[in-house]
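Asker: If you're matching positions, the sequence shown starts at 35 in this note's numbering and goes up one per residue.
Please keep in mind that the hints were generated in silico from the structure rather than gathered at the bench. Keep in mind that this is a model prediction, so the values were computed, not measured. We treat Cβ as the ideally placed atom computed from N, Cα and C, and that holds for glycine. Hints may be right or wrong, so weigh each one.
Quick list of in silico lysine to aspartate or glutamate cross-link-like pairs, EDC-like style, CA-CA up to 20 Å [claimed, not checked]: (1) Lys84 - Glu52; (2) Lys97 - Glu55; (3) Lys74 - Asp47; (4) Lys84 - Glu101; (5) Lys84 - Asp47; (6) Lys44 - Glu55; (7) Lys53 - Glu71.
Label-pair ranges, simulated between beta-carbon atoms [as the list claims (entries may be wrong)]: (8) Glu41 - Met99: 18 to 28 Å; (9) Glu67 - Lys44: 13 to 23 Å; (10) Leu78 - Lys53: 11 to 21 Å; (11) Asn50 - Glu91: 22 to 32 Å; (12) Arg88 - Gly48: 39 to 49 Å.
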Amino acid sequence: MNLATSERWKDNDGNNQEKTEWHRIITWRRQAEFAGEWLKKGQLVCIEGKLQTRSWEQDGQKKYMTEVVADNITMLGSKGDSGGKSPDSAPKTENSTEAPQDIEDDDDDLPF
């Protein structure tokens, strides 16, 4: 599936700017079944996973594509944002769709 991420800001002249980037999401097994059944276009989601870069040759040029291999997909927003389906009624997948409760907010581990 494809995922769009958008960024909005005001430039130095006060004009509204927007930049949208598209990302290819790869998911397998129960996560793929979950996404196919419960996710709808325009819905807010959080996708956790790893980046994977593939390369190939096309017309003598080397091409690259970076994809996100999803480990966990979490539906975000209210009931209305999920196409009429409540995240609470969604089936649980291999990897939980809920955020872990035992994560501590420790800014000392952040690399920035």
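Asker: Each hint: holds or not?
Answerer: Verification of the supplied hints:
Proximity of Lys84 to Glu52 is assessed by CA-CA distance (about 26 Å); at most 20 Å being required, the pair is judged violated. Distance check on the hinted pair: Lys97 and Glu55 sit about 18 Å apart at the alpha-carbon level, within 20 Å; holds. The straight-line distance between the Cα atoms of Lys74 and Asp47 is roughly 36 Å, outside the 20 Å bound, and the hint therefore fails. Of the pairs offered as hints, the one joining Lys84 and Glu101 holds, with about 8 Å between alpha carbons and a cut-off of 20 Å not exceeded.
Proposed proximity of Lys84 and Asp47 is contradicted: the alpha carbons are some 37 Å apart, above 20 Å. For a cut-off of 20 Å, the pair hint linking Lys44 to Glu55 stands: about 18 Å separates their Cα positions. For the suggested pair Lys53 and Glu71, the alpha carbons sit about 29 Å apart, so the restraint of at most 20 Å is broken. At about 21 Å, the CB distance of Glu41 to Met99 agrees with the hint of 18 to 28 Å.
For the pair Glu67 and Lys44, the supplied restraint of 13 to 23 Å is violated, since their beta-carbon distance comes to about 42 Å. Between Leu78 and Lys53 the Cβ separation comes to about 18 Å, which falls inside the hinted range of 11 to 21 Å. Look at Asn50 against Glu91: about 41 Å separates their beta carbons, and that is not inside 22 to 32 Å. Distance hint check for Arg88 and Gly48: the Cβ-Cβ separation is about 41 Å, which falls inside the suggested range of 39 to 49 Å.
When held up to the earlier numbered hints, the structure conflicts with 1, 3, 5, 7, 9, 11 and fits the remainder.
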